[in-house]
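Novice: The primary structure of each chain is shown beneath.
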Amino acid sequence: MKRTSPSPEDIESLETHLSQTLQRVAPPSGMIQRLSGRIQMPTRSEIRLRITDWRRLFVVFGGVMSGMLLLVTLARAFYYLVGRRDAM
Amino acid sequence: MEYREEDVLARASTGDRDAFGELYERYAERIFNYVYYRTGNQHDAEDLTARVFQRAMNHIKNYTDRGVPFSAWLYRIAHNLVANWHRDRSRKQEIPIDDLPILPTKGEHPERNLMRSQEQDALLRMIRKLPPERQNLLILKFVEDMSNAEIGKIMGRSEGAVKSLYHRTLLALRDQLDDQHLNLEGE
Numbered sequence: 005m006k007r008t009s010p011s012p013e014d015i016e017s018l019e020t021h022l023s024q025t026l027q028r029v030a031p032p033s034g035m036i037q038r039l040s041g042r043i044q045m046p047t048r049s050e051i052r053l054r055i056t057d058w059r060r061l062f063v064v065f066g067g068v069m070s071g072m073l074l075l076v077t078l079a080r081a082f083y084y085l086v087g088r089r090d091a092m
Numbered sequence: 024m025e026y027r028e029e030d031v032l033a034r035a036s037t038g039d040r041d042a043f044g045e046l047y048e049r050y051a052e053r054i055f056n057y058v059y060y061r062t063g064n065q066h067d068a069e070d071l072t073a074r075v076f077q078r079a080m081n082h083i084k085n086y087t088d089r090g091v092p093f094s095a096w097l098y099r100i101a102h103n104l105v106a107n108w109h110r111d112r113s114r115k116q117e118i119p120i121d122d123l124p125i126l127p128t129k130g131e132h133p134e135r136n137l138m139r140s141q142e143q144d145a146l147l148r149m150i151r152k153l154p155p156e157r158q159n160l161l162i163l164k165f166v167e168d169m170s171n172a173e174i175g176k177i178m179g180r181s182e183g184a185v186k187s188l189y190h191r192t193l194l195a196l197r198d199q200l201d202d203q204h205l206n207l208e209g210e
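As they're listed, the protein sequences go chains Y and Z.
Numbered per our numbering, the first sequence spans residues 5 to 92.
Numbered per our numbering, the second sequence spans residues 24 to 210.
Hints are computed from structural coordinates only; laboratory data are not their basis.
What you are looking at is a predicted structure, and each value in this text was computed from that prediction instead of being measured.
Be careful, since some hints might not be right.
[Said to hold, decoys possible] Per label pair, the in silico range of CB-to-CB distance:
#1 R49/Z with A79/Y: 40 to 46 Å
#2 A79/Y with N81/Z: 51 to 57 Å
#3 R49/Z with W58/Y: 20 to 26 Å
#4 S33/Y with K84/Z: 42 to 48 Å
Cβ coordinates follow ideal geometry from the N, Cα and C atoms, glycine included.
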């Protein structure tokens, strides 16, 4: 048997109850990290750590290269000066 | 630091696991909520959430943005896995879980949730007896707070079709409440 259509108030009340019943839940604690380990995916903190490590690596690498360049320049200058003196 | 989703997606589709990790962090909770309400079981919800992301990670190279957001793609994977889960359960003839275990809702004190009313329990049971697409619709609308247009993209329907389905779902729920002589009292 076809029923009469409910009043707008009925529908509104049902929607209110639905919004109270279907609320977003908080996942169990540690779930995000636990699952990320299972999927073998790095967590946000690991990614952040890796990025900062890369930055540190670039700084160290850049420092070493600059130092070496300075040494080579000094050595070349020394040989140039010594070589000129010997030639005179 | 928040990256633009398109950039993260582009990196993830080249096999960058860090980028995929970023997507996982963004969507894991939402997918868990969806699966939790569809299965009514916290442990299976966890397991299925992990499988959704495993599948997404294996197939992300095939994901192309054709007007369908990445979230919609994830929900579709979740929907398919939940459908398989229900099919397996019905084959094994397991007793359906009627009562959703109580997890604390976001931003509220956990004790408040232990007070879930009988009406809410009854309503949850009714929702879980609805056809899957109607359950999807209600979960996306109320749990995820999505618009009809967003739900349409996930369900592959037009905005109008979603609106109409929503109205029919409310009427069906109202009828079921009448059948069971349940009166949802106002606050």
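Novice: Indicate, hint by hint, whether the structure satisfies it.
Specialist: Evaluation of the provided hints:
1. R49/Z with A79/Y: 40 to 46 Å: Check failed, 53 Å falls outside 40 to 46 Å.
2. A79/Y with N81/Z: 51 to 57 Å: holds, 54 Å
3. R49/Z with W58/Y: 20 to 26 Å: holds, 22 Å
4. S33/Y with K84/Z: 42 to 48 Å: violated, 33 Å
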